[in-house]
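Engineer: Protein chains in written order, with our numbering: chain B, 30 to 419; chain D, 2 to 119.
Keep in mind the hints are simulated off the structure, nothing from the lab. Any given hint might turn out to be false.
To give an idea of the chain D side of the interface with chain B (calculated C-beta under 8 Å), a few residues [what the hints assert, rightly or not]:
(1) I9
(2) F19
(3) L24
(4) W54
(5) V98
(6) I102
Covered stretches of chain B (chain D as the covering partner; in silico rule of three or more C-beta atoms under 8 Å from a C-beta of chain D) [stated by the list, open to error]:
(7) 82–88
(8) 221–230
(9) 360–367
With a straight-line Cα cutoff of 25 Å, these simulated PhoX-like cross-link-like pairs (lysine-lysine) come out [unchecked claim]:
(10) D/K112 x B/K352
(11) B/K370 x D/K89
(12) B/K352 x D/K63
(13) D/K63 x D/K112
(14) B/K352 x D/K113
(15) D/K56 x D/K89
(16) B/K79 x B/K107
Glycine included, every Cβ here is placed at the ideal spot set by N, Cα and C.
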Amino acid sequence: MDAIVLWLTSLFPQMAVPTARLIVHIVYAAILSFVAPVVLVVAFTYMERKVIARIQDRVGPNRAGPLGMLQGFADAIKMLTKEDITPAGADRIVYNLAPGLAVIGVVLVFAVLPVAPGVIGTDLSIGILYVVAVGGIGTMAVLMAGWSSNNKYALLSAFRVVAQLVAYEIPMVIAIIIVVLTAGSMRMGDIIAAQNVPFLFTLPVAFFIFFVANIAEIGRSPFDLLEAESEIIAGFHVEYSGMKFAFFFIGEYMHLFVSAGIATTLFLGGWRGPGASEASILGALLGFVYFLAKTVLLIFAMMWVRGTFPRFRIDHLLDFGWKFLVPVGLLTLVAVALVLKLPFLSSPVLQWVGLLVANVAVIVVALAAVSLAARRTRSVALRSVAGAER
Amino acid sequence: MPIDYLPILVFFVVAGLFGVIALTVPALLGPHRPSSTKLETYESGKIPYGDAWRKVPVHYFKVSMLFILFDLEVIFFYPWAVLFRRLKLFGLIEMGVFILILLVGYIYVWKKGALEWE
């Protein structure tokens, strides 16, 4: 970013540095909010349809263009030329505002996402807190859409969304705090700099909680209760058509990318990798490639989860969030804080080993608690069955 | 520094512009032939029975109340986590006490059955 500003000012000597910086920011924002939606949605819908098709033993899209690669563009053109319907009973203003907010909420997160060395909208000192705060806009958009449609299914879906997003926000925040605790800063740049060993390897439990909570926050299968087709038709966007429907779609896929990008930054070391540096253009490009590769890997994992897990029931979903992820998260937080304070673990290597051991211990304890609880429920159920037979 | 937040304003304006353009242009591109059946609320082909804006028993009410409580408490972790290395042993003990109080409330909520689905 700074290099481009320098280059601009050398190109136009009469231009002041703040003006150049503003222009760079506007161009960057324009790329991310005009080009990124199209590219990301087309690329990831194609990838998703191919991956899911493989898992389900199908071929997937293969008609439009070579290997069906133009399918996404065909869909986009179809969406663009569809009739725009506002149902008669809907609350017009809120109904039309919701799809826009769904996209804006995600684009705003891009502002603090470090996609390559030195390339970031703004490296806020409260970067990760900002991500969580802006994430709330997406929830608002879904609630607005569900409420304003004046459709019972949409309303039901909106209620579910709020319960689900709210239940999974807390474990996600706890996982983020574990990272902040270990890195000692909320700034994205500092978090990346702290990962000489990616936090995936030192804080696997935090990564697991973040990953699961993230899938729930995007509302993807197996947490796709908000659009459970077999129960509530399409959910909150049942009344939307054409481009407004497409906007929710765009919002979902951009959210997928952004949250995988945040997970990459927090746990996989972001753009770090051999040869990636801020010093040269080649290094920056290499960093961007590393970032993209890690993010796509995470997105692939999410698609894999979607292809192989059945949908949760709403009470199981809330139980899993409140009764499993939250206590495990708190336990990990305490364990990590203890390890960071142990005096004999002062060298970094020892500290990494200590963190890993603490995380494994948390996993063992959590699994033991779950199996104990399961055994108790089973024995209660068996006893009641036996009683009924007698 | 407040200047750090300027790019966010830029992002907001540009993304809003994208929203406005991308939502109005297709609306003008597409056909526009409304009919009373088309504008009706879609509820799987059944004729909609009344409004959706009525009183409904909200199962999720307790969950949202709990969320507000827990989210507020979790917010206190942020500054602590950032300053953890500087706070020495005091920070650890202080947060231990805080988590203990949080835990008491959590166990109470669980035992009271507020996390159960009815």
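Engineer: Each hint: holds or not?
Structural biologist: So, going through the hints one by one against the coordinates:
{"no.": "1", "hint": "I9", "result": "5 Å, holds"}
{"no.": "2", "hint": "F19", "result": "5 Å, holds"}
{"no.": "3", "hint": "L24", "result": "6 Å, holds"}
{"no.": "4", "hint": "W54", "result": "7 Å, holds"}
{"no.": "5", "hint": "V98", "result": "12 Å, violated"}
{"no.": "6", "hint": "I102", "result": "12 Å, violated"}
{"no.": "7", "hint": "82–88", "result": "violated (count 0)"}
{"no.": "8", "hint": "221–230", "result": "violated (count 0)"}
{"no.": "9", "hint": "360–367", "result": "holds (count 4)"}
{"no.": "10", "hint": "D/K112 x B/K352", "result": "11 Å, holds"}
{"no.": "11", "hint": "B/K370 x D/K89", "result": "8 Å, holds"}
{"no.": "12", "hint": "B/K352 x D/K63", "result": "15 Å, holds"}
{"no.": "13", "hint": "D/K63 x D/K112", "result": "14 Å, holds"}
{"no.": "14", "hint": "B/K352 x D/K113", "result": "13 Å, holds"}
{"no.": "15", "hint": "D/K56 x D/K89", "result": "53 Å, violated"}
{"no.": "16", "hint": "B/K79 x B/K107", "result": "20 Å, holds"}
Hints 5, 6, 7, 8, 15 from the earlier list are contradicted by this structure; the remaining hints agree with it.
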